[in-house]
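S.K.: Going down the list, the protein sequences come from chains A and B. Residues in the first sequence are numbered consecutively from 1, following this note's numbering. Residues in the second sequence are numbered consecutively from 1001, following this note's numbering.
Hints in this document: simulated from the structure, not taken from any laboratory. In this text, all values refer to a predicted model and were calculated from it rather than measured experimentally. Even for Gly, the Cβ is constructed at its ideal location relative to N, Cα and C. Errors might be hidden in some of the hints.
To be verified - Over 12 Å on every C-beta distance to chain B, these chain A residues come out as not near it, computed from the model: (1) G32; (2) Q52; (3) R54; (4) V61; (5) A166; (6) R278; (7) D304.
Claimed, not checked - A few chain A residues facing chain B, derived, Cβ under 8 Å: (8) L2; (9) L17; (10) V18; (11) A140; (12) S143; (13) S255; (14) I263; (15) F274; (16) L289; (17) T296.
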Amino acid sequence: MLRYTFFRLVQAAFVLLVMTFLLFMLIGMMPGDPVENMLEGNPALTPELARQMRELYGVGVPLPVRYWHWLTAAFQGDFGFSSLYFRPVLEILGPALLQTLKLMIATIVLSIPLSLLLGAIAALRPGGWMDTVISFFAFASISLPNFWLSLILIIVFAVQLGWLPASGTPLAENPSLGLQIYHSILPVTVLTMFFVGPLLRYVRASMIETMSSDYIRTARAKGLSETTVIVKHALRNALIPMVTVLALGFGMLFSGALVVETIFGILGMGKMIFDAIRYVDFNLALIGLLLATIVTLVSNLLADLAYAWLDPRITLK
Amino acid sequence: MSAIDTELAGIPSAPRQTIWQLRRKRFLRNKPAVIALAILVVLAALCVLAYPYSLLMGLDPNETNLLMRFRPPSAEHWLGTDSLGRDVLLRLMYGGQVSIAVGVLGTLLTALIGVLIGVWAGFLGGKVDAFLMRLTDVVIALPMTPVLIVLGAVDLSKLGLSQALASSPGVVFLRIVIIIALVDWTTIARITRAATIEVRQREYVKAATVSGARHLYNVLVHVLPNITTPITVAATLSVGRIILFESTLSFLGFGIVPPTPSWGNMLTNAQELVISAPALAVYPGLLIFLTVISVNFVGDGIRIAFDPRSEK
Chain A
1 MLRYTFFRLV QAAFVLLVMT FLLFMLIGMM PGDPVENMLE GNPALTPELA
51 RQMRELYGVG VPLPVRYWHW LTAAFQGDFG FSSLYFRPVL EILGPALLQT
101 LKLMIATIVL SIPLSLLLGA IAALRPGGWM DTVISFFAFA SISLPNFWLS
151 LILIIVFAVQ LGWLPASGTP LAENPSLGLQ IYHSILPVTV LTMFFVGPLL
201 RYVRASMIET MSSDYIRTAR AKGLSETTVI VKHALRNALI PMVTVLALGF
251 GMLFSGALVV ETIFGILGMG KMIFDAIRYV DFNLALIGLL LATIVTLVSN
301 LLADLAYAWL DPRITLK
Chain B
1001 MSAIDTELAG IPSAPRQTIW QLRRKRFLRN KPAVIALAIL VVLAALCVLA
1051 YPYSLLMGLD PNETNLLMRF RPPSAEHWLG TDSLGRDVLL RLMYGGQVSI
1101 AVGVLGTLLT ALIGVLIGVW AGFLGGKVDA FLMRLTDVVI ALPMTPVLIV
1151 LGAVDLSKLG LSQALASSPG VVFLRIVIII ALVDWTTIAR ITRAATIEVR
1201 QREYVKAATV SGARHLYNVL VHVLPNITTP ITVAATLSVG RIILFESTLS
1251 FLGFGIVPPT PSWGNMLTNA QELVISAPAL AVYPGLLIFL TVISVNFVGD
1301 GIRIAFDPRS EK
């Protein structure tokens, strides 16, 4: 297990290194160059100053050289300045990451019990009417464009009924926890709707498989009540592989948060990346994408490790 | 008892069924899938009728008329007009053509890349396999939506295309198909690889190899025909996902660019319309949802029809 973990860690580190280069190259292909973008916003910049800045930013330097400069600086903790916020990108990153994590944790806390409940009910009688309804719900969940669901919820609950705010960020200086939750209801609902479908399909399939296993028959034969059989025996075992699904879903959720944050005006990672790309803020876009990649990579790694830990046969391969 | 035995015994034999007849029968027994297929046919017909409809009503999907903004449904504009006075129904029809075309073409390209990489990795094994699978891991580790946006933002003129060509509707369309395929091929590649490894170990492939068949011959004659089922199923299930990717990209402004309508970009400014014209925010998304959920039900129906064991 230790060797396997070490092997996977080295692999992940290598993948991350390759990714920095790929993303660096991609970001460089966005329109304009950093200095040109700054010139547009600041007519007072003299040509001489612009020339100096081009030199400073390495405009016209070949890609591998530029990448090397960036990489060596990055290893010293210098990820550059944001041209959008006029601050070091690392200062912007922290609060944004916190916002997104809050959203995601709320979503996961809601999604797990919901998918367990619905998945277990559907698995009780495969093909029954409850199963049909819940399966339809799962299909709807994976087929809903989440930007549209956000718009519809805003129309119904914010505009028509006026029950909930259309913005995900409270206006108050230091919002209380209650106010924060109040403003998060709609965004978290959209993300939960997006996340529950795949999870519950997994729980259902896993439960159906477990329910037909020998030890469930034994448990029933012992005369245990149906509730004990389902909750204590079946659900527990069906849960084990859920760990991997959750870890994999974490990356998916992080990516899905971009749209929701943009629509509800939440200053999280997703909106930050979106704005950085839209307003061609090279440094900010790069660090944002890298962080998003790291989150996905780490969650995939955790999924693999959890799986290996739960099923030791994996490490032998 | 085989068919020959029954004939010999003088009993009229049951009509022989090909595998495709069996599959069709199983598919048709799946009610949700059949209903979904019918919905898809209706939607596709609606989109195809865009041009005849524009002739009939004398409308142009891109012609703006500021005196006709936000008109309610009327005999002239069946679903009313949008913020620039354009006919909503006609734009929905043309937008559907774009969404469906991206879904179909994107899936074909995704399948092509996925099958090439999957067969290559699975058939050769060893170091090639290890390398290609690490590559797959890298692509899977990419955060989907942000990466699609960056790819959508890439300035094609930095890649040597002229400005005019880079912004022409055809290139914009192809670019979406390509960038979606570039990030979405991994599922099909993994499935193809697993299926290839399974087929590679069968006796007839080994026999062919021993009698001197080349890799390419083996792949074309023995492997590919035997792995079409999992590929078809995986490809059908990715159509819906690709349509969702396209609409999300277009919604965020990095996909199909106005004035060309797409279901995604018709919602781009809908946030400002939620108070004044909420209906405009409802239709395009509803059509995306209907299309994607129908495609997913049909995909699931095909999966069950092709592999009855998976029905549970």
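S.K.: Against each hint, give a clear statement of whether it holds in the structure.
M.R.: Hints, verified against the model:
1. G32: violated, 8 Å
2. Q52: Holds, because the least Cβ-Cβ distance between Q52/A and chain B comes to about 24 Å, which exceeds 12 Å.
3. R54: holds, 16 Å
4. V61: holds, 15 Å
5. A166: violated, 8 Å
6. R278: violated, 7 Å
7. D304: About 10 Å separates D304/A from the closest Cβ of chain B, which leaves it inside 12 Å; violated.
8. L2: Status violated, d = 21 Å.
9. L17: Given a least distance of 11 Å, the restraint on L17/A is violated.
10. V18: Interface hint status for V18/A: holds (6 Å vs cutoff 8 Å).
11. A140: This interface hint holds because 6 Å falls under the 8 Å limit.
12. S143: holds, 4 Å
13. S255: holds, 4 Å
14. I263: Constraint on I263/A satisfied, holds at 7 Å.
15. F274: holds, 7 Å
16. L289: Since the shortest Cβ distance to chain B is 6 Å, the answer is holds.
17. T296: Interface hint status for T296/A: holds (5 Å vs cutoff 8 Å).
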